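Here is what each chain is made of, one letter per residue.
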Amino acid sequence: MADQVTMEVVGRVAELANLELTEEESVAMVRDLNSILGYIEQLNELDTSKVEPLSQVTELMQVGEKRLREDSVVASLDRATVMSQAPETDGVFFKVPKVIER
Amino acid sequence: MKYTEKPKTLKQLRAEIETGTTKATDLASSYFERIERINPELNVYLQLAKDRAFAQAERVDGLAAKGGPLPVLAGIPVGIKDVLVVRGIPSTAGSKILKGYRPPYDATAVEKLEAAGAVVLGKLNCDEFAMGSSNENSAYGPVRNPVDPERVPGGSSGGSAAAVAANMAVATLGTDTGGSIRQPASFCGVVGVLPTWGRVSRYGLIAFASSLDRIGPIAGNVRDAATMLGVIAGFDAKDATSVDAPVDDYAAECERPVEGMCIGVPAEYFGEGLDPEVRSAIEDGIAKLKAAGCTIKPVSLPSTKYAVPTYYLVATAEASANLARFDGVRYGYRSPSSENLAGMYRHSRDEGFGAEVKRRIMLGTYALSAGYYDAYYLKAQQVRRLLAEEFQRAFAEVDAIVTPTAPTAAFKLGEKTGDPLAMYLADIYTVTASLAGICGMTVPCGSTKTGLPVGMQVLANHLREGTAFRVAAAVEAV
Numbered sequence: 001m002a003d004q005v006t007m008e009v010v011g012r013v014a015e016l017a018n019l020e021l022t023e024e025e026s027v028a029m030v031r032d033l034n035s036i037l038g039y040i041e042q043l044n045e046l047d048t049s050k051v052e053p054l055s056q057v058t059e060l061m062q063v064g065e066k067r068l069r070e071d072s073v074v075a076s077l078d079r080a081t082v083m084s085q086a087p088e089t090d091g092v093f094f095k096v097p098k099v100i101e102r
Numbered sequence: 103m104k105y106t107e108k109p110k111t112l113k114q115l116r117a118e119i120e121t122g123t124t125k126a127t128d129l130a131s132s133y134f135e136r137i138e139r140i141n142p143e144l145n146v147y148l149q150l151a152k153d154r155a156f157a158q159a160e161r162v163d164g165l166a167a168k169g170g171p172l173p174v175l176a177g178i179p180v181g182i183k184d185v186l187v188v189r190g191i192p193s194t195a196g197s198k199i200l201k202g203y204r205p206p207y208d209a210t211a212v213e214k215l216e217a218a219g220a221v222v223l224g225k226l227n228c229d230e231f232a233m234g235s236s237n238e239n240s241a242y243g244p245v246r247n248p249v250d251p252e253r254v255p256g257g258s259s260g261g262s263a264a265a266v267a268a269n270m271a272v273a274t275l276g277t278d279t280g281g282s283i284r285q286p287a288s289f290c291g292v293v294g295v296l297p298t299w300g301r302v303s304r305y306g307l308i309a310f311a312s313s314l315d316r317i318g319p320i321a322g323n324v325r326d327a328a329t330m331l332g333v334i335a336g337f338d339a340k341d342a343t344s345v346d347a348p349v350d351d352y353a354a355e356c357e358r359p360v361e362g363m364c365i366g367v368p369a370e371y372f373g374e375g376l377d378p379e380v381r382s383a384i385e386d387g388i389a390k391l392k393a394a395g396c397t398i399k400p401v402s403l404p405s406t407k408y409a410v411p412t413y414y415l416v417a418t419a420e421a422s423a424n425l426a427r428f429d430g431v432r433y434g435y436r437s438p439s440s441e442n443l444a445g446m447y448r449h450s451r452d453e454g455f456g457a458e459v460k461r462r463i464m465l466g467t468y469a470l471s472a473g474y475y476d477a478y479y480l481k482a483q484q485v486r487r488l489l490a491e492e493f494q495r496a497f498a499e500v501d502a503i504v505t506p507t508a509p510t511a512a513f514k515l516g517e518k519t520g521d522p523l524a525m526y527l528a529d530i531y532t533v534t535a536s537l538a539g540i541c542g543m544t545v546p547c548g549s550t551k552t553g554l555p556v557g558m559q560v561l562a563n564h565l566r567e568g569t570a571f572r573v574a575a576a577v578e579a580v
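Here the protein sequences line up with chains A and B, keeping their order. Numbered per the working numbering, the first sequence spans residues 1 to 102. Numbered per the working numbering, the second sequence spans residues 103 to 580.
Since the hints were made in silico from the structure, they are not lab data. Do not take every clue at face value.
To be verified - Below 25 Å or equal to it, Euclidean Cα-Cα: the simulated DSS-like pairs (lysine-lysine) are:
id, chain 1, residue 1, chain 2, residue 2
1, B, Lys-201, B, Lys-152
2, B, Lys-514, B, Lys-551
3, B, Lys-168, B, Lys-125
4, B, Lys-214, B, Lys-113
5, B, Lys-201, A, Lys-95
6, B, Lys-518, B, Lys-198
7, A, Lys-95, B, Lys-198
8, B, Lys-108, B, Lys-125
9, B, Lys-407, A, Lys-50
Stated by the list, open to error - Just a sample of chain B residues kept apart from chain A, beta carbon distances all over 10 Å, derived:
id, residue
10, Lys-104
11, Thr-123
12, Pro-509
13, Ala-579
Stated by the list, open to error - Output of the computed footprint for chain A on chain B, the stretches with three or more beta carbons under 8 Å from beta carbons of chain A:
id, region
14, 202-208
15, 399-412
16, 433-445
17, 465-478
Note that this is a predicted model, so its numbers are computed, not measured. We put the beta carbon where it would ideally sit given N, CA and C, even for glycine.
With these hints in hand, go ahead and build the complete structure from the sequences.
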């Protein structure tokens, strides 16, 4: 299969991923993603049309029904502790740059 | 200069602390001295936690002075991979984006170690967000292998493996998503355990790929690793995916003979790409298991060659979702050049993440994006089931499976950094167990002619850690 990842594709995916890549980074990304996806192509050798996807492995273990925890209110981290790690805060809310331009 | 040094065993240290021959505070001091002497050269620790360590050591000494009883890890100096949070101690996950972050809570595994008396010395270097196989992706510089400082310690838990190999901790916690405990432990000549997925709570682990991530111990010998796992394993209401099943007495399993056990050897792990010296060391190990009374049986795992591509789709897809949380809003780095909210997200992430992390976020986002989801992500999940089912069929016939842990011994710094795909292939023997969710470990098994350690991977079915420990103890004994 021909290289499927172009500069345009990298630009669109970077936007989805909230990344802003430099020109240099984008060029390297085109090269690396095509190389990795070329290697991944070999999965098409396998016929998986009748295989159910497996998203995680708990179903394969003999551990019985999942026990759900009681739905009750318990104490969690206090606001001051959490806010102490925020880049910008007024002590109650996280502060961020302007969302809507006027 | 020689950096490698075997730590005393847990049993011996605990006996010394119990009888008062060694004080926990003196032991912690001597470890900090050693770390301060050699860390500038090996770059194993990113952060020391002296106040916390001495407070804990003093508690242990107080208990010992009163005649005990002492908990199982009383006074034992341990180190923690930097992707696990420790309250108040800077935790960066090896990334610039979390520089200076002081977590407001403790990971469950860390809390359990401390409740058992362990003394946390500090945080260990690793590949950024545990993404890497050489520890060269850390934003804080690579770790050097104590066996040969020109070589990588493996990754991503490079600091955790090197710390034990250089006696900068008696045991450590690492994490393993595609081989990140087993491969570095193998490269550094120590024991590294991959518990069953869900066996150890992931609460407080900075997530990479949630359906694959596991926390496990690295130690200087099999019995110490068993004791460590016994402490951190078990159900935790704070991790909805933690498994609610009894925890076996792993240390006792190490003492059971292996005579009569059936050991599977998959040909797929001995093919092209396997270094001849590694092969020969593993074959010697298998011969020794046979001499100890095991039946050696060929098993077939035909989808093995599809494991690396499958892994790199599943892991990167999950990573792209997990790493969306790093946006400069609630914690971590915020770019000063942000004219509006969207720009702030993008600049913070672009300046905060390293090249490999961006590469994986991009690959994962691509694999999940409209039009590609079925061809990549769904396909990978289907192949994942095939791989998992092959292991289930194999474990119907054998108790455990043994393979090389990695295709080569430790490679040189810089050798693979230019080629991401070549680096991914360093995980070729470890990603299978990661996808299948089964447990296993690496145990030292000989060395190359130039003295580089070789590790044997011992795999067992879900929740059969005891079986893996039993086999590994037999490999270690010979």
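Right, here's what the structure says about each hint:
1. Lys-201/B / Lys-152/B: Satisfied, since the Cα-Cα distance of roughly 19 Å is no more than 25 Å.
2. Lys-514/B / Lys-551/B: 16 Å, holds
3. Lys-168/B / Lys-125/B: Distance ~13 Å between Lys-168/B and Lys-125/B Cα, so the pair holds.
4. Lys-214/B / Lys-113/B: 19 Å, holds
5. Lys-201/B / Lys-95/A: Within the cut-off at roughly 20 Å; holds.
6. Lys-518/B / Lys-198/B: Holds, at roughly 22 Å.
7. Lys-95/A / Lys-198/B: 21 Å, holds
8. Lys-108/B / Lys-125/B: Since the Cα atoms of Lys-108/B and Lys-125/B sit roughly 20 Å apart, the hinted pair holds (cutoff 25 Å).
9. Lys-407/B / Lys-50/A: 20 Å, holds
10. Lys-104: At roughly 39 Å from the nearest Cβ of chain A, Lys-104/B sits farther out than 10 Å, so the non-interface label holds.
11. Thr-123: 41 Å, holds
12. Pro-509: It holds; Pro-509/B is separated from chain A by about 16 Å at its closest Cβ, greater than 10 Å.
13. Ala-579: Fine: 30 Å to the nearest Cβ keeps Ala-579/B off the interface.
14. 202-208: holds (count 5)
15. 399-412: Our answer is that it holds, as 6 residues pass the Cβ test (under 8 Å) against chain A, meeting three.
16. 433-445: Check passed, 10 qualifying residues.
17. 465-478: With 5 residues close enough to chain A, the hint holds.
In terms of the numbered hints stated before, the structure departs from none.
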